Structure formats: structure tokens, C-alpha cells
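If you read the sequences in order, they're chains A and B.
Under our numbering, the final residue of the first sequence carries the number 241; numbering is consecutive throughout.
Under our numbering, the final residue of the second sequence carries the number 241; numbering is consecutive throughout.
The hints are simulated quantities; they were obtained by calculation from the structure and are not laboratory data.
Quick caveat, the model's predicted, so the values are computed rather than measured.
Some clues are possibly wrong.
[As the list claims (entries may be wrong)] Derived DEER-like restraints, expressed as beta-carbon distance ranges:
no., chain 1, residue 1, chain 2, residue 2, range
1, B, Q190, A, R7, 19 to 29 Å
2, A, A220, B, E196, 51 to 61 Å
3, A, P161, B, R235, 45 to 55 Å
4, B, G15, A, S221, 46 to 56 Å
From the three backbone atoms N, C-alpha and C, an ideal C-beta is built for every residue, glycine too.
Protein chains: 2
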Amino acid sequence: VRYFLYYWPGIQGRGEFVRLALEDAGADYVDAARAPGGVAAMMRLMRARASTVAPFAPPFLQAGRLLIAQTANILLFLGPRLGLAPVSESGRHAVHQLQLTIADWLGEVHDTHHPIASGLYYAQQKAAARQRAADFRRHRLPKFLGYFESVLRGSPRGYLAGRACSYADLSLFQMVAGLRYAFPQAMARLERKYPRTVALHARVAARPRVAAYLASPRRIAFNEQGIFRRYPALDG
Amino acid sequence: VRYFLYYWPGIQGRGEFVRLALEDAGADYVDAARAPGGVAAMMRLMRARASTVAPFAPPFLQAGRLLIAQTANILLFLGPRLGLAPVSESGRHAVHQLQLTIADWLGEVHDTHHPIASGLYYAQQKAAARQRAADFRRHRLPKFLGYFESVLRGSPRGYLAGRACSYADLSLFQMVAGLRYAFPQAMARLERKYPRTVALHARVAARPRVAAYLASPRRIAFNEQGIFRRYPALDG
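Here chain A stands alone, though its shape is the one from the complex:
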């Protein structure tokens, strides 16, 4: 089956968590909104009544007649098909639980630069952003990093759940990559406390298909329209 991923072109955003899974598995997929006319097609699909449930927002995935939205839900669907989730029910729920925690974390990253309204510009909420980012760097960032470090500490093979790399491992790679981009100073100070997390990031980056993807034009560069943004005022 050929997968069609729909997400805003020009940013990594939430779509990147799906892209990493598709790329790592060598799946047959089309990054459909980046093709000419792709955004128009995406907007048409979002209005569609044919599917049982229209997406609230991108990303969404088309797989045959199925249309699936919400990043973690897409990965729940793709996991077993791409060999990126354990086979057991308990294992699948464990990986999904981790993915949903990453989704919460990512939401907090977004809100460091948009604490008041996603419909306003960063410049219109800079004072609140400074406050929220300071709290994020001081409390929330160490809390999330410490949590994933403790999960890795308890795991036998250095992956978050089970014996092999799952989509949650790929997503944790993306979190570290994004946080290094957005908060280089804070991460430089913090990283030595989370060696297993840092090692996982390096191990995922070295996976052959991930490495090939990261070096390709298919990987969009981090930028100040995405979720991870490098605003020095927010890095302390």
C-alpha cells in the first residue's frame, strides 16, 4: 500500500514524527502536500464528508480508503505495519503512552513561543513567551527529559519499550534534535544529565535510512515557522 501524508509544507512540525517512521521503514509514501497543488488537495480532503471523521487539523494520512488524523493516532496505525511497534497489546499501549507523553511535551514547546494565542505572532506575545520559556527551561524540560531517561534506564536494550526501535524512539530523537535547535544553551547545560537519551538520539540518527533521510532534501530544515524555533530571548 502506498501512503499519502498530508502536512503543511515548509515546516517539520507534527508531520515530521510521521515522516521519520515512514522513512525509517523505507515505506512507499508521498509527501502529498509538498507536491504542486498539494495544499489545495489537503484542504479539500479536510472538508470531505466521505470519510467517517474529517481531520481537525493536519497531519493526516491516507492509506487506501482510510483517512487518519492526529499524529499519535497515525503512528498507532503505522506502527505494526512498519515494524515500529511491539506485537503484544501491552507493548503497543506502552509505546502509544510514550508517544502521547511526547505529544504533551511538544505542545509545551509550542507554547513557549505562543503562550497567549496561536493566531497571533510571536512578537505580539513576547513578554509572556519569555516567562513561559523560563519556566519550561527550569521545570518542564528537565521533568520530561528525566522521565524519558528513567524509562530508558529501566529498559534492557536501550530502546524505550520492548526489544527494538519503535516509533516512540524515532519521536524522542526528533524531540532532542528540535530542542537542541530551539534551546541550544539550555540543552548544552542539561544534556550531560541524560546520557541514555542523548545516546538514543545518536543511535537513531545513525540508522541507515534515517541518516539518508536527514541528509536528503526531503528533510525540511528547522526554521522559525515550525514548532521548534530558535529565539535567543527564550533560551535564557
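Add chain B to chain A, keeping to what the hints say.
Same frame as chain A, now just chain B:
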């Protein structure tokens, strides 16, 4: 199987979405953290290394040897067991997609009173809260209500997905109930635009086991420690 739900006693919070599913299904469950010594037991379980993956935060559910965290993940697990999710894979993903959108919405409700830091008091972030709540009332609340109204408009039986009541319907009931509590003026103005959503709320509230639950002491009252809080300054 007997289910053990662990969540902060004293507030409805995220645990309420799980409680509604257990109550509606007449499931055999213990609201474990509300029993004497329950919070201490909850904290012990969160530190446990025995489970594959420790929870990041409550709520979590114990079912036999399984320990499952993240509200939407718990409902994904319970859905088929409680008869609150479609049988087909596409149906299960549709309901889960809706639940994850409700989770996003709930996070935005929380941030109306805590836009800067969850570790600070509301009084310490009141100015930012006023701004965020104004944006929520003006843009986000109608956007989410409109989305669920459009999903209901496209559905044959007045439920969000499939032919019967799912856990997402119970959760949408809870959103309407909470929003009426927290934003009575904004909701009074908005509700007439979303008749299907309002009707769904009433239909869920009238389900015999839900009605019995709501009238029982098992239902914690809304209060200003929960996610839905009635702060008149935030209601415009």
C-alpha cells in the same frame, strides 16, 4: 476483570473521562486513589520499575498485570472491552482521533487559567490568563465546537463515530459540562449555534448509568482546583 483507576482525588480532571466510560459501562472498578492511603499507593505505582513503562502522570489504569497511562490510551484500551468503541479498525481509529482532539481542546482549557506555568498559581499569571482566555473564547472555543458539530452533522445516528455511543461521545459530554461550568456566559452566547453538540450532551446525561453516576457522590463537583475553573475574569 476488576479495573483500578488512579487519579488525584478531589478533582474531576483527566480522570473523569475514564470514570465516565467505566460508569456508563457498569464496569467493576475501584477509584483507587480516593480510598484511604490511595494517593500513597498511586505514588508508589508511579515509581514502580516492574511495569514496562512507568506513567509520566495520572490518570493510569491497572487491569490485571497491565498498567496503562495517558487518558486517551486508557480509553483506547477500554473502548472495545466496555462496548464503547466500534469493532472495525477504521472505526477505532476514528474514535481515537476524536478523543485526541478532545485532549488537545482540554489542554487549551487548562491553559486559559495557567498560560505561563502549571507550577504557579492562577493569581500569579492572571494578566496573561485574561488574554489567553479572551482568545480562547473568541477563536478556539468556536473552532472546536464547530468541528464537533460538523462531525455530528455528518453522522447518521447522532453519535460522533459509528452507530452507537462511544467513549468520545462521553468525553464530548464532559467537555460541554465543563465549559458550561467554567465559561457560563460565553457558552450561553455560543450554544445555539451547536444544536447537535448540545443535544448529544443531553442524551449522554440521560443514559441511565451516567445519570445515576452524576447524581452519586462518586461524581466530584467541579471546583477551582480542576481543569475547568469558574473565574469570572476569564469569562469575558
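Status of each hint after checking the structure:
Under the hint 19 to 29 Å, the C-beta atoms of Q190/B and R7/A, about 50 Å apart, miss the expected range. In this structure the supplied range 51 to 61 Å holds for A220/A paired with E196/B, their Cβ-Cβ distance being about 53 Å. Between P161/A and R235/B the beta carbons are some 48 Å apart, a value that agrees with the proposed interval 45 to 55 Å. Between G15/B and S221/A the Cβ separation comes to about 52 Å, which falls inside the hinted range of 46 to 56 Å.
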